[in-house]
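Novice: Read off the chains here:
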Amino acid sequence: MNYRLLYFASLCDAAGRAEEIVASEAADVRALYSELAERHGFTFAPERLRVAVNGAFTDWDHCLADNDEVVFLPPVSGG
Amino acid sequence: MNYRLLYFASLCDAAGRAEEIVASEAADVRALYSELAERHGFTFAPERLRVAVNGAFTDWDHCLADNDEVVFLPPVSGG
Amino acid sequence: MNTKASTAKFWISEAPIDIAHLQRELEAAGVGAVVCFEGRVRDHNEGRPVDSLTYQAYGELAEAEGQRILEEARARFAIERVVCLHRVGELAVGEVAVWAGVSAGHRAAAFDACRYVIDEVKARVPIWKREHYRQGASEWLHPDSAGPK
Amino acid sequence: MNTKASTAKFWISEAPIDIAHLQRELEAAGVGAVVCFEGRVRDHNEGRPVDSLTYQAYGELAEAEGQRILEEARARFAIERVVCLHRVGELAVGEVAVWAGVSAGHRAAAFDACRYVIDEVKARVPIWKREHYRQGASEWLHPDSAGPK
Chain A
1 MNYRLLYFAS
11 LCDAAGRAEE
21 IVASEAADVR
31 ALYSELAERH
41 GFTFAPERLR
51 VAVNGAFTDW
61 DHCLADNDEV
71 VFLPPVSGG
Chain B
80 MNYRLLYFAS
90 LCDAAGRAEE
100 IVASEAADVR
110 ALYSELAERH
120 GFTFAPERLR
130 VAVNGAFTDW
140 DHCLADNDEV
150 VFLPPVSGG
Chain C
159 MNTKASTAKF
169 WISEAPIDIA
179 HLQRELEAAG
189 VGAVVCFEGR
199 VRDHNEGRPV
209 DSLTYQAYGE
219 LAEAEGQRIL
229 EEARARFAIE
239 RVVCLHRVGE
249 LAVGEVAVWA
259 GVSAGHRAAA
269 FDACRYVIDE
279 VKARVPIWKR
289 EHYRQGASEW
299 LHPDSAGPK
Chain D
308 MNTKASTAKF
318 WISEAPIDIA
328 HLQRELEAAG
338 VGAVVCFEGR
348 VRDHNEGRPV
358 DSLTYQAYGE
368 LAEAEGQRIL
378 EEARARFAIE
388 RVVCLHRVGE
398 LAVGEVAVWA
408 GVSAGHRAAA
418 FDACRYVIDE
428 VKARVPIWKR
438 EHYRQGASEW
448 LHPDSAGPK
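Chains A, B, C and D are the protein sequences, given in the same order. Numbering of the first sequence is given in the working numbering, commencing with residue 1 and proceeding in unit increments. Numbering of the second sequence is given in the working numbering, commencing with residue 80 and proceeding in unit increments. Numbering of the third sequence is given in the working numbering, commencing with residue 159 and proceeding in unit increments. Numbering of the fourth sequence is given in the working numbering, commencing with residue 308 and proceeding in unit increments.
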């Protein structure tokens, strides 16, 4: 399946890009992060990240569908 | 002795004046209030008032000196 | 130069509150958070429609007690500047009766100090409010406590 | 007319914050208390001199989450209006990065709601800060918690 990934802050720096389309066999969010963490050298443990699919927060067991937009959110620092 | 009294808010309404010079034998603040409450019909119990002498808060046992400026302060309602 | 006098200022004023001026008093190096409180004349109190208010102060003691409160806030909380101004005289509905502002490095101190200042000013500073009701009556307010927060 | 949309507004903005405009959004009948919070770029963080900041937002989700926080504030506290705006892009020292304002009948609700909004915005809204240090380095901040309050 194809997923659209958006990267922010230090994940954007680590991936070297703000977005990408990824072809992957990962069926849920957790498996997809594991695959991308290895590819891009992400060092955040999943418990320090939140995840959003198609613009809404969700959990790590969320099952993905083709063309989903997936975002792994590092700890925020607004304000 | 002579005391200068200032009256505020409903005490001013009750006394019918904002200030007055009073000749009195009262030696402390408590005795002076008692005398003035009777004269002007003040209905506040002393425990609902604070008292200031010569521009500073003080207590009801404060001994008065000739020409002291004495103010009985009804419960405040600023803000 | 009196440093304290320049970083904690309390005023009683007959003139309308110049908020932009007060905000400039809060500027300082290291400020990361500013919290401001505005207390305005409401159009009703305890169900009675209010047209206007008169505030009366025991001016000399009010300014001394107000200044004391601001110094307490500076001693208790990690803040940079604190200012407060209270109007006296006749005020219409919607006018700002009291304004307090605090600047600090971080927000917790700014919130806590601003809240402290306005709570203490309402409880301790010798200022009295007379409400003029739409029905024509008027009344000095002498609450048992400082009233609703 | 959507009443909720007119009484609780959250924005992400690249343009400098127009505080006078935001304050007008807080006007409503029955307002007796207004509390405002301004968060500004500090000239240092944890001992390192800071020259400027870059804020980046996941815009779509940031606006939705910010709006959700304001609605929570309206549900929890007896307030009239609540607005919040967060800057994104490059900001210099002293610029206002986030502004939150609340109007209410009484001050306790205004203080509590304003504090709630800024605490939750800092903890939950997907916005990230990159600090540019005077020494030339720069760094994305990913605190374990939302940092000092």
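A hint or two may mislead.
Which chain C residues face chain B? A few, computed with CB under 7 Å, are given here [said to hold, decoys possible]: (1) I170; (2) V246; (3) I285; (4) R292; (5) S296; (6) W298; (7) H300.
Everything labelled a hint here was simulated from the structure, so no lab data went into it. Everything numeric in this text was worked out from a predicted model, so none of it was measured. Glycine residues also receive a C-beta, built at the ideal position from the N, C-alpha and C atoms.
Novice: Using Cβ atoms only, decide whether W298/C comes closer than 7 Å to chain B, and label the hint accordingly.
Specialist: holds, 4 Å
Novice: Report holds or violated for the interface hint on I170/C, using the least CB-CB distance to chain B and a cut-off of 7 Å.
Specialist: violated, 10 Å
Novice: Do the numbers back the hint for R292/C, that is, is its least Cβ distance to chain B under 7 Å?
Specialist: For R292/C, the interface hint is violated, since the closest Cβ of chain B sits about 19 Å away, which is over 7 Å.
Novice: Tell me if H300/C is really an interface residue toward chain B, meaning its C-beta lies closer than 7 Å to one of theirs.
Specialist: Nearest chain B Cβ about 4 Å off; hint holds.
Novice: Double-check S296/C for me: the hint is only fine if its C-beta lies closer than 7 Å to a C-beta in chain B.
Specialist: At about 10 Å, which exceeds the 7 Å cut-off, the nearest Cβ of chain B leaves the hint on S296/C violated.
Novice: Closer than 7 Å between Cβ atoms is the bar; does V246/C clear it against chain B? Give me holds or violated.
Specialist: violated, 9 Å
Novice: Grab the minimum C-beta distance from I285/C to chain B and call the hint holds if it beats 7 Å, violated otherwise.
Specialist: Result: holds, 3 Å to nearest chain B Cβ.
Of the hints listed earlier, those the structure fails to meet are numbers 1, 2, 4 and 5, in rising order.
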